[in-house]
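S.K.: Modelling step: build the complete structure from the supplied sequences, incorporating the hints.
Number of protein chains: 2
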Amino acid sequence: MSDAVSPLAVPFPALPAIAGVTPHVVCARYKEWGRADLTYVELAEGTAVAGVFTRNVCCSSEVELGRAAIAQGRARGLVVNAGNSNAFTGYRGREAVEQIIAQVAAHLGCPGEQVFVSSTGVIGVPLPKDKARAGVAAALTSEPCGWEAAARAISTTDTFPKGAAASAMIGGVKVQFAAIIKGSGMIAPDMATMLGYIFTDAAIEPGFLQELLSAASDATFNCITVDSDTSTSDTVLAFATGAAGNTPLAGFASPGADAFAAALHDVCRQLAHLVVKDGEGAQKFIAVTVGGAVSDASARRIGLAIANSPLVKTAIAGEDANWGRVVMAVGKAGEPADRDKLSIGFGGIWAARDGQPLADYDEAPVAAHLKGREVAIEVDLGLGEGRATVWTCDLTHGYIAINADYRS
Amino acid sequence: MSDAVSPLAVPFPALPAIAGVTPHVVCARYKEWGRADLTYVELAEGTAVAGVFTRNVCCSSEVELGRAAIAQGRARGLVVNAGNSNAFTGYRGREAVEQIIAQVAAHLGCPGEQVFVSSTGVIGVPLPKDKARAGVAAALTSEPCGWEAAARAISTTDTFPKGAAASAMIGGVKVQFAAIIKGSGMIAPDMATMLGYIFTDAAIEPGFLQELLSAASDATFNCITVDSDTSTSDTVLAFATGAAGNTPLAGFASPGADAFAAALHDVCRQLAHLVVKDGEGAQKFIAVTVGGAVSDASARRIGLAIANSPLVKTAIAGEDANWGRVVMAVGKAGEPADRDKLSIGFGGIWAARDGQPLADYDEAPVAAHLKGREVAIEVDLGLGEGRATVWTCDLTHGYIAINADYRS
Numbered sequence: 001m002s003d004a005v006s007p008l009a010v011p012f013p014a015l016p017a018i019a020g021v022t023p024h025v026v027c028a029r030y031k032e033w034g035r036a037d038l039t040y041v042e043l044a045e046g047t048a049v050a051g052v053f054t055r056n057v058c059c060s061s062e063v064e065l066g067r068a069a070i071a072q073g074r075a076r077g078l079v080v081n082a083g084n085s086n087a088f089t090g091y092r093g094r095e096a097v098e099q100i101i102a103q104v105a106a107h108l109g110c111p112g113e114q115v116f117v118s119s120t121g122v123i124g125v126p127l128p129k130d131k132a133r134a135g136v137a138a139a140l141t142s143e144p145c146g147w148e149a150a151a152r153a154i155s156t157t158d159t160f161p162k163g164a165a166a167s168a169m170i171g172g173v174k175v176q177f178a179a180i181i182k183g184s185g186m187i188a189p190d191m192a193t194m195l196g197y198i199f200t201d202a203a204i205e206p207g208f209l210q211e212l213l214s215a216a217s218d219a220t221f222n223c224i225t226v227d228s229d230t231s232t233s234d235t236v237l238a239f240a241t242g243a244a245g246n247t248p249l250a251g252f253a254s255p256g257a258d259a260f261a262a263a264l265h266d267v268c269r270q271l272a273h274l275v276v277k278d279g280e281g282a283q284k285f286i287a288v289t290v291g292g293a294v295s296d297a298s299a300r301r302i303g304l305a306i307a308n309s310p311l312v313k314t315a316i317a318g319e320d321a322n323w324g325r326v327v328m329a330v331g332k333a334g335e336p337a338d339r340d341k342l343s344i345g346f347g348g349i350w351a352a353r354d355g356q357p358l359a360d361y362d363e364a365p366v367a368a369h370l371k372g373r374e375v376a377i378e379v380d381l382g383l384g385e386g387r388a389t390v391w392t393c394d395l396t397h398g399y400i401a402i403n404a405d406y407r408s
Numbered sequence: 001m002s003d004a005v006s007p008l009a010v011p012f013p014a015l016p017a018i019a020g021v022t023p024h025v026v027c028a029r030y031k032e033w034g035r036a037d038l039t040y041v042e043l044a045e046g047t048a049v050a051g052v053f054t055r056n057v058c059c060s061s062e063v064e065l066g067r068a069a070i071a072q073g074r075a076r077g078l079v080v081n082a083g084n085s086n087a088f089t090g091y092r093g094r095e096a097v098e099q100i101i102a103q104v105a106a107h108l109g110c111p112g113e114q115v116f117v118s119s120t121g122v123i124g125v126p127l128p129k130d131k132a133r134a135g136v137a138a139a140l141t142s143e144p145c146g147w148e149a150a151a152r153a154i155s156t157t158d159t160f161p162k163g164a165a166a167s168a169m170i171g172g173v174k175v176q177f178a179a180i181i182k183g184s185g186m187i188a189p190d191m192a193t194m195l196g197y198i199f200t201d202a203a204i205e206p207g208f209l210q211e212l213l214s215a216a217s218d219a220t221f222n223c224i225t226v227d228s229d230t231s232t233s234d235t236v237l238a239f240a241t242g243a244a245g246n247t248p249l250a251g252f253a254s255p256g257a258d259a260f261a262a263a264l265h266d267v268c269r270q271l272a273h274l275v276v277k278d279g280e281g282a283q284k285f286i287a288v289t290v291g292g293a294v295s296d297a298s299a300r301r302i303g304l305a306i307a308n309s310p311l312v313k314t315a316i317a318g319e320d321a322n323w324g325r326v327v328m329a330v331g332k333a334g335e336p337a338d339r340d341k342l343s344i345g346f347g348g349i350w351a352a353r354d355g356q357p358l359a360d361y362d363e364a365p366v367a368a369h370l371k372g373r374e375v376a377i378e379v380d381l382g383l384g385e386g387r388a389t390v391w392t393c394d395l396t397h398g399y400i401a402i403n404a405d406y407r408s
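Order-wise, the sequence lines are chains D and R.
Under this note's numbering, the residues of the first sequence are numbered 1 to 408, in order.
Under this note's numbering, the residues of the second sequence are numbered 1 to 408, in order.
Take these hints with a grain of salt, some might be off.
Subject to a maximum C-alpha distance of 25 Å in a straight line, what follows is the list of computed DMTMM-like cross-link-like pairs (lysine to aspartate or glutamate) [claimed, not checked]:
#1 D/129 - R/354
#2 D/341 - R/95
#3 R/129 - D/354
#4 R/31 - R/148
#5 R/129 - D/378
#6 D/371 - D/340
#7 R/129 - R/98
#8 D/31 - R/148
To be clear, the hints were calculated from the coordinates, so they are not data collected in a lab.
Only a predicted model underlies this, so the values are computations on that prediction, with no experimental measurement involved.
M.R.: Structure follows, in structure tokens:
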């Protein structure tokens, strides 16, 4: 955890205990520090699991093994290492992950493929096997901890711990969600050095859980960007213990499936926004809404072109309603757009319509909007019904300060 | 022109006069300043012209009209306005361009399509027609000026004037090149708010000049990036007066065509490097060379993913040999790559080979290399013969300072 807290930070919420989920944290000393940096979560037998992973082709062994293991649909244990991403470390890195999996599986008496491992931190240094072995051994026999401690233990450059809760009614049974996430830089569509874990006591078939998680990720985690960089380790896992005792959800025909899907989507959206709010150097939270595109996918690509534009992000940092830079970003997105049908607004006020500055444009209310912590950029392409919202933060001196002096 | 000069600035070179090319500059007062901001270049009858333009779909009227006029292959006049890009200004912006074209064409007694106009500066403010009319009238009757004055007059946020020269022998006749360029931010493949003008006294068919300019641009202007943003106004024009008297070049079969092509490529490369060296906030010039890719195009896309990565650019700013971030950028490029065959180096020294840090990696010489003004990043994918070099600069506090407070 970093010292200077993001001005967009929100207090850690009260998260419910989830029956069948037991978190632990210990200090494995992956770096020279005294903080907890190894998180272990024990999951009740029969817990369903689903996951989404980075599309970075230079992914870590953790991601490779996790992606392969998701198919069998069940999980008993989760280990998260902070301070070392173990990415790009060849066979030595892979051996460290296999060692952790074997150690936890032996303790739980489960197949290795039911143990999931994530690591986050510097790339290129093999995870030290001795520290991992001692840390896991300590974690397996430690006292359980609360969600905030776990959220802190999975963090690296984060400036505040991040959690989200939700609940849903399934056929008269209340199911609960508790979720934690870490992530601050190297955030782009396809996620980031973003590690997110969602726990619920709902009963649900793994395949349906995967379907819902993938859909929710697409509209949340894959719609945020801090710096357009995609990490080698991004992972979001959802675990459902079934302890709530509802009739298991098998598909959208199951009663309560819509409520569960809505709650899962809500948790994912909360988590995604928290990551943006801790974007490296962020001073403002920016929502970019693109309407009138030829399709939703086209709207999202245009939204991401705007959200990834350094010139747009620095303009917002400077509280400058520079809609010309938004025009530029729309034009470079490689998607259908017609300059003479394009409208640009901020905070609900149009600055330009149909390809021209508004004659009676009053910049005062826009300037007031831009002084706030939450900024809305609206684009109407005037071509069709496609629509999407993406979220990002501004680009400030803080980003440079953090990233020009991170590893040294 | 900005006050603080880039530490990568180079002195303006001695450029030859080009027979048939007469530059002029005047102050049209497009902004409240006393500097020259309107450049007019008169070209001898029969001058061949070729051009490449931004692919930003929200382009300016200048670009639209220029692109359409290139096809007829001849040019008599060029007008460049600095301080106002006239982009996204609807019919009023277009009328201003048409007025300039008509005024120059009437003076020269040539068709309007032989007059080319560029504008650079803030987007969204129509070019004031009265200032343009008075400025052009003054320019048409003004004394000719030198190349450095013209290079200064086309500048906006540039911190130094930029020019390049070359020559070639065509069948015993020496032909000369003089070229100027402006550009500093909003620089990405597909060029930038980059306006470049190349003048030669060679005789060459317009179609062949276009073929050579497009090829040279692809390997130079389209291989540089400052901030991944693509301007609405990018333009590079090449003018060939034919005054040198060589046998006109019609294709690669013409004697001397290879020498001419090499000289043109050299001029384009010089100009492209100058723009990167004036990248907003640039402290270091970075060459990214990618080899072992499945194709040259794939190598270029991977090179651009590295060169556009804020995390790589801030690492170089911090003089940090953070090859892990280079791995990340390779992986996110969406191109074929195999983590376990990947090698990364700096300044000719490998830091990682075949997917792992080198056991005997000595960081001292790499650290020394990174302290210099010119940094080389080398990537070997180990897959094929594809190869490309792209150029960029580091990402510093200077970029934020310039762009968070540009328009206000």
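S.K.: Taking the hints in turn, state whether each one holds.
M.R.: Hint by hint, here is what the structure shows:
no. : hint          : result
1   : D/129 - R/354 : 22 Å, holds
2   : D/341 - R/95  : 19 Å, holds
3   : R/129 - D/354 : 22 Å, holds
4   : R/31 - R/148  : 21 Å, holds
5   : R/129 - D/378 : 31 Å, violated
6   : D/371 - D/340 : 29 Å, violated
7   : R/129 - R/98  : 10 Å, holds
8   : D/31 - R/148  : 55 Å, violated
Violated hints, in rising order: 5, 6 and 8; the structure is consistent with all others.
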